[in-house]
Amino acid sequence: MHAKVITVTSGKGGVGKTTVTANLAAALAMLGRRVVALDADIGLRNLDVVMGLENRIVYDLVDVVEGRCRLPQAMIRDKRFPELYLIPAAQTRDKMAVSPSDMVLVCDQLRQDMDYVLIDSPAGIERGFRNAVAPADQVIVVTNPEVSAVRDADRIVGLLEAEEHGPGQLIINRLKPQMVARGDMLSIADVLDILAIDLLGVIPEDEDILVGSNRGAPVAMNGSHSASAGQAFRNIARRLEGEDVPIMELSHQGGLFGRLRAWMSGR
Amino acid sequence: MLAEYDLELWAVLSQHEATREAARALGLATRLAGSDTDLDGNELSHAAGESGDAQELLAANALFCQETVRSGRSIYHEGHVVVLGDVNPGAQIIAGGNVVVWGRLRGFVHAGAHGNREALICALELSPTQLRIADEIAIPPAGRPERLQPETALIRDHQIVAEPWRARDHGRD
Chain A
5 MHAKVITVTS GKGGVGKTTV TANLAAALAM LGRRVVALDA DIGLRNLDVV MGLENRIVYD
65 LVDVVEGRCR LPQAMIRDKR FPELYLIPAA QTRDKMAVSP SDMVLVCDQL RQDMDYVLID
125 SPAGIERGFR NAVAPADQVI VVTNPEVSAV RDADRIVGLL EAEEHGPGQL IINRLKPQMV
185 ARGDMLSIAD VLDILAIDLL GVIPEDEDIL VGSNRGAPVA MNGSHSASAG QAFRNIARRL
245 EGEDVPIMEL SHQGGLFGRL RAWMSGR
Chain B
231 MLAEYDLELW AVLSQHEATR EAARALGLAT RLAGSDTDLD GNELSHAAGE SGDAQELLAA
291 NALFCQETVR SGRSIYHEGH VVVLGDVNPG AQIIAGGNVV VWGRLRGFVH AGAHGNREAL
351 ICALELSPTQ LRIADEIAIP PAGRPERLQP ETALIRDHQI VAEPWRARDH GRD
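Chains as they are written, first to last, in my numbering: chain A, 5 to 271; chain B, 231 to 403.
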């Protein structure tokens, strides 16, 4: 078995790296894959909270790296799925506790009997980012449709290209179709125009995401209605699996009037 | 991008081996600028004038960059800089000579950084965050230009102006 190591990163904080990591891990696990989610945000760990596994932490990534436990001991199994594991970050240490080569070693061990290793990168472009990206076979860049997030994503893509990780694939998170229709938010095309990398998926703004994160139950697990964020995450998981799933049509609730206006403006 | 504007890049002049390699990989003609011969091996006449040698030296030393220059990248070069790709917001290019962007210029460019007020900045889409030529600074008007066309920025009467690119401007001295 040879797992694919995918790092989720963004540059800017708060755009949804942890949400994307938790939900893609859940969605891939629902497809029957063996998945481990690895929190590389040492000192500011969140992935355990979003996945609802915080109270089960015994050992963490730094314990593994410093030899206080074996790797399987730090893997917390999420019992809601056949095979989903979390390796939490240490909360009381900082990014310097782990080096890029430590991350490569840990991931090489995980590759043996997993299908996917999803790494939740910290914000920024410093050590934590370099740790998270070092073992990556594939990098997902998360951004929001706003100028500052896109600017930081562009910086990240440049760094990835310089480190020969390829340009990465893009997820646009928290898109509000109504705001795009009003011209108050960057559209998918605007974002792609600047970044010019492959689009892996678009996640609509969805209150259920916040509810799910607070409850420790990623929305990809449920939320069957078609245009939800949960569906968007499940679609991305299928794309990672190599399926050709078209990008979800995100219609705003404009009805006939909205469509008429779109026609009149020549779109 | 090239075809869109019905233009063709046919040669790259440079003394930098790496630049010429990149150009050759694209199937473009190259020669050692300043070697006194043109593509066919004919002798070139030296440009006359007080700054002729300096100009030629600058021209000889062009940096050719065939990629998108992304946010956070900084390119500094004594001579001319040619970018085949976009210059994104947050990126900066500082050149002693001219800057030609065969793509969209949305970042920061300083041409003639050592005080050459004759320096030019050209782009297929000129919508930078800020432009500088020598010691002049220009901030373009907000919003996207209504018609996208190749433009040249240069100093006229102590300020930087942008003009639509026309073939006959090409021979400006």
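No lab work stands behind these hints, which were simulated from the structure alone.
Please read these numbers as outputs of a predicted model, since none were measured by experiment.
Take these hints with a grain of salt, some might be off.
Stated by the list, open to error - Beta-carbon label-pair distances, calculated as ranges:
| # | chain 1 | residue 1 | chain 2 | residue 2 | range |
| --- | --- | --- | --- | --- | --- |
| 1 | A | 197 | B | 304 | 17 to 27 Å |
| 2 | B | 391 | A | 17 | 54 to 64 Å |
| 3 | B | 348 | A | 203 | 24 to 34 Å |
| 4 | A | 116 | B | 344 | 36 to 46 Å |
| 5 | A | 242 | B | 393 | 21 to 31 Å |
| 6 | B | 347 | A | 200 | 47 to 57 Å |
| 7 | B | 297 | A | 203 | 54 to 64 Å |
| 8 | B | 370 | A | 17 | 23 to 33 Å |
| 9 | B | 304 | A | 150 | 37 to 47 Å |
| 10 | A | 218 | B | 388 | 29 to 39 Å |
Beta carbons are placed, not taken as given, at the ideal position from N, Cα and C, and that holds for glycine.
Problem set entry | Numbered hints the structure breaks, given as an ascending list | When the structure is compared with the hints, numbers 2, 3, 4, 5, 6, 7, 9 and 10 turn out to be violated.
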